[in-house]
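S.K.: Here's the letter readout for the chains.
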Amino acid sequence: MKWGVVVFPASNCDLDAYHLLRDVLGEKVEYIRHDAATLAGCDLLILPGGFTYGDYLRPGAIAARSPVMGAVVDFAAGGGPVLGICNGFQVLTEAGLLPGALYRNSHLQFRCLETYVRIESSSIPFTGAAEIGKVLKMPVAHGDGNYYLPEEKRLELEENGQIIFRYCDFEGNIVREANPNGSVDSIAGVCNRAGNVLGMMPHPERAGEKILGSEDGLVIFNSLLEFYGNREVRGGA
Amino acid sequence: MEVTLKKEVHDPQGSAVENSLKSLGYEAVQRVRVGKYLEVELEAPDQNEAARLVEDMSRRLLSNPVIEDYSYTLEEVRRQ
Chain S
1 MKWGVVVFPA SNCDLDAYHL LRDVLGEKVE YIRHDAATLA GCDLLILPGG FTYGDYLRPG
61 AIAARSPVMG AVVDFAAGGG PVLGICNGFQ VLTEAGLLPG ALYRNSHLQF RCLETYVRIE
121 SSSIPFTGAA EIGKVLKMPV AHGDGNYYLP EEKRLELEEN GQIIFRYCDF EGNIVREANP
181 NGSVDSIAGV CNRAGNVLGM MPHPERAGEK ILGSEDGLVI FNSLLEFYGN REVRGGA
Chain Z
1 MEVTLKKEVH DPQGSAVENS LKSLGYEAVQ RVRVGKYLEV ELEAPDQNEA ARLVEDMSRR
61 LLSNPVIEDY SYTLEEVRRQ
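Just so you know, the sequences run in chain order S and Z.
In terms of this note's numbering, the first sequence opens at residue 1 and continues consecutively.
In terms of this note's numbering, the second sequence opens at residue 1 and continues consecutively.
Incorrect hints may have been included.
Unchecked claim - When the alpha-carbon atoms are kept at most 20 Å apart in a straight line, the in silico DMTMM-like pairs for lysine to aspartate or glutamate are as follows: (1) S:LYS153 <-> Z:GLU8; (2) Z:LYS7 <-> S:GLU152; (3) S:LYS153 <-> Z:ASP69; (4) Z:LYS36 <-> S:ASP55.
Unchecked claim - Stretch-level coverage of chain S by chain Z, calculated; a stretch enters the list once three of its residues show a Cβ under 8 Å from a Cβ in chain Z: (5) 103-115; (6) 144-157.
As the list claims (entries may be wrong) - Below, a sample of chain Z positions facing chain S; criterion: calculated Cβ distance under 10 Å: (7) THR4; (8) LEU5; (9) GLU8; (10) VAL9; (11) PRO12; (12) ALA16; (13) VAL32; (14) ARG33; (15) ARG60; (16) SER63; (17) VAL66; (18) GLU68.
The set of hints was computed from the structure by calculation and includes no laboratory data.
Bear in mind the structure is a predicted one, so any value in this text is a computation, not a measurement.
Where a beta carbon is used, it is the ideal one built from N, C-alpha and C, also for glycine.
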């Protein structure tokens, strides 16, 4: 099994993801350039955080139209697992791989802090090793994490079990004060209908070692390893 | 071309500007919305084709249909 970390101009959490996978989890991982035509046979993809193209136009908008995204879209359509973190989440919504949109935080401030999220579904490969209701401590660092989608679409996501994380307090209560950006319904992460593409604003790759203050993010990577580890998954495009 | 947040989408920038205007004493202000203005120069054989191109690029990149609306005007400029 091989992980791929997609690197766009001004991605800046690519090293964090690479470090966690290689040094902490002992996994095979390689970088994939934004202008690559193929995914180098990778089995799992990560679109890391950052400020691709300076957030010009809209965060993730220009990266979502880069050459590599054709291969990413094909990979996702074939069932390949794709995890978008922070700016990577924005890229996935802009690419149409995930529903909704992320825009300016409701209070206009950049937020860099520890957050808690509650796992709302464990029936997808990204959270299978966890229990519903489990609270994870992970940092956020963004100015455009305000998740929006129209009410009827939100109900649809809820019904389909596509809302995977909600911001909460340390005990798991969904309270307004725990929502760092004004996201509708405290949504911190959503998946596509098929459950193989996940986007989230908190950074699990920065919560994978004790020295960083939390190891809670590991459950996402471990869930993926558990789900895909013992069987062949679709190779890269 | 103008790109604006849909009416039902909260506009945090607009609210901040609105509050600032009120603090300057402009009590008449009811609502402020902040949007984007873009100029795109393009070559096309006629206005219909220019409109088709602008519509296409607006949907595919220049606006995000989940949260934004767009509008535009066309102006013919002779090539120098």
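S.K.: Are the hints correct? Go through all of them and say.
M.R.: So, going through the hints one by one against the coordinates:
1. Distance check on the hinted pair: LYS153 (chain S) and GLU8 (chain Z) sit about 14 Å apart at the alpha-carbon level, within 20 Å; holds.
2. Between LYS7 (chain Z) and GLU152 (chain S) the CA atoms are separated by roughly 16 Å; this keeps the pair inside 20 Å, and the hint holds.
3. Proximity of LYS153 (chain S) to ASP69 (chain Z) is assessed by CA-CA distance (about 18 Å); at most 20 Å being required, the pair is judged to hold.
4. Using a Cα cut-off of 20 Å, the hinted pair LYS36 (chain Z) and ASP55 (chain S) holds, with the two alpha carbons roughly 14 Å apart.
5. Evaluation of the coverage hint for the segment 103-115 of chain S: fulfilled, as 6 residues show C-beta separations to chain Z shorter than 8 Å, against a requirement of three.
6. Counting residues of the segment 144-157 of chain S whose CB lies closer than 8 Å to any CB of chain Z gives 4, so the stated coverage by that chain holds, three being the minimum.
7. Against a cut-off of 10 Å between C-beta atoms, the interface hint on THR4 (chain Z) is violated, since the closest Cβ of chain S lies about 12 Å away.
8. The closest approach between the C-beta of LEU5 (chain Z) and any C-beta of chain S is roughly 8 Å, which is under the 10 Å cut-off, so the hint is satisfied.
9. Of the supplied interface hints, the one on GLU8 (chain Z) holds, with its beta-carbon coming within about 7 Å of a beta-carbon of chain S, less than 10 Å.
10. Hint status for VAL9 (chain Z) relative to chain S: holds, with the closest Cβ pair at about 6 Å, below 10 Å.
11. Here the hint on PRO12 (chain Z) is kept, as its CB sits about 5 Å from the closest CB of chain S, short of 10 Å.
12. Hint status for ALA16 (chain Z): holds, given a least beta-carbon distance of 6 Å to chain S, under 10 Å.
13. Violation of the interface hint for VAL32 (chain Z) is found here, the shortest Cβ-Cβ separation to chain S being roughly 14 Å, above the 10 Å cut-off.
14. Taking 10 Å as the C-beta contact cut-off toward chain S, the hint placing ARG33 (chain Z) at the interface is violated, the least distance being around 13 Å.
15. Hint on ARG60 (chain Z) holds. Least Cβ distance to chain S is approximately 8 Å, under the 10 Å limit.
16. A distance limit of 10 Å between C-beta atoms decides the matter here; for SER63 (chain Z) the minimum to chain S is near 9 Å, and the interface restraint holds.
17. Hint on VAL66 (chain Z) holds. Least Cβ distance to chain S is approximately 4 Å, under the 10 Å limit.
18. Annotation: interface hint on GLU68 (chain Z) holds; nearest CB of chain S at approximately 8 Å, less than 10 Å.
In this structure, the earlier hints numbered 7, 13 and 14 are contradicted, and the remaining ones agree with it.
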